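Colleague: Letter by letter, the sequence shown follows residues 1 to 235 in full-length UniProt numbering.
Derived from the structure by calculation, the hints contain no laboratory data. Here the structure is a predicted model, which is why all the values come from computation and not from measurement. Do not rely on the hints blindly, as some may be mistaken.
Result set (BS3-like, lysine-lysine): computed pairs, CA atoms no more than 27 Å apart in a straight line [what the hints assert, rightly or not]: (1) Lys93 with Lys183; (2) Lys186 with Lys64; (3) Lys33 with Lys116; (4) Lys179 with Lys93; (5) Lys51 with Lys186; (6) Lys186 with Lys168.
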Amino acid sequence: MKPGSVRLQSVFLLLALLAQPVIADEQGTILFKNVCANCHGEKGEGKIEVKSPSIANEPAWYVKTQLQNFHDGKRGFNTAADPQGALMASIAKVLTSEQIEAVAKHVESLALVPPKEREIAGADVQRGQQLFYERCMECHRYNASGEMLFGSPPLVGRQGWYLVAQLKKFKGLHRGSMKGDEKGAKMVNMATLFIEDEQMMKNVVGYILTLNPPVEESGQKVADELFQPKAEAGK
Numbered sequence: 001m002k003p004g005s006v007r008l009q010s011v012f013l014l015l016a017l018l019a020q021p022v023i024a025d026e027q028g029t030i031l032f033k034n035v036c037a038n039c040h041g042e043k044g045e046g047k048i049e050v051k052s053p054s055i056a057n058e059p060a061w062y063v064k065t066q067l068q069n070f071h072d073g074k075r076g077f078n079t080a081a082d083p084q085g086a087l088m089a090s091i092a093k094v095l096t097s098e099q100i101e102a103v104a105k106h107v108e109s110l111a112l113v114p115p116k117e118r119e120i121a122g123a124d125v126q127r128g129q130q131l132f133y134e135r136c137m138e139c140h141r142y143n144a145s146g147e148m149l150f151g152s153p154p155l156v157g158r159q160g161w162y163l164v165a166q167l168k169k170f171k172g173l174h175r176g177s178m179k180g181d182e183k184g185a186k187m188v189n190m191a192t193l194f195i196e197d198e199q200m201m202k203n204v205v206g207y208i209l210t211l212n213p214p215v216e217e218s219g220q221k222v223a224d225e226l227f228q229p230k231a232e233a234g235k
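Could you put together the complete structure from these sequences and hints?
Modeller: Here you go:
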C-alpha cells in the first residue's frame, strides 16, 4: 500500500473513532489498537515494511513530546525527505491533548520488544562504543535507557535501521530544525558536529544494539530492570 493511501486510511479511521463517545481511560487502548497498530504492530514492535519503528515501552513523556511536535509542525514537516514523519503529523494533528496523553500512557504500558537484528553490516562496534561514551552517554545514559531530565529517550528497543535513519534526518535538518524544538536542535548539533559520515552512524548504532536485552527475555520485567539505576562498581 502506498504511503498516501496509508495516510488517508489512518486519518479517516481516526476521525471516525474520535466521533464516538469513549471513556477517558479507554481512549489510549482504542486509539492504539485501531490506528497506531496498523503501522507499529499490535505489540508496538514496529514494521520495517512501512518503516515504522518499535515504540513499545517508550516513556509516556517522550511519546507525548513527539506527538505534540508532530501536531505542532515541529516534526514531519518535510514530506519528501521524511514521508513517515509526514504521515505521523497528519494523524497527530487531529488528536486532542487528552488523546495524546491517553495513547502515550498506553504505549508506555506495552512490554519492551528488543530488535531481532543485533548487528549492522560494516559497523565497527568498538569505535561506536567510544563515540557513544564521548557524545551520547551523558544524555542517554550508560545503558541507553534515556533520561527524562534531559529529554533524551531510551535508545534500546529501537531498530538499528530506524536509529540510523533518524541520525540522517537530524544531520540533514529534516528533524530538529524547527523553531521551538530545543531537544531536537541539540541532536542536530550533535549529528552535525560529531558524526562525520554514515560509517560513524553505523558504528554508534551498532554499539547501541548490543545494549538490548536478549529477545527471549523481552517483557515488562526486563524493561523495569533495564531502566532501574544500578549502583556503580565498588560502591
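Colleague: Of the numbered hints stated earlier in the document, which are not met by this structure?
Modeller: Going through the list in order, the structure violates no hint and respects every one.
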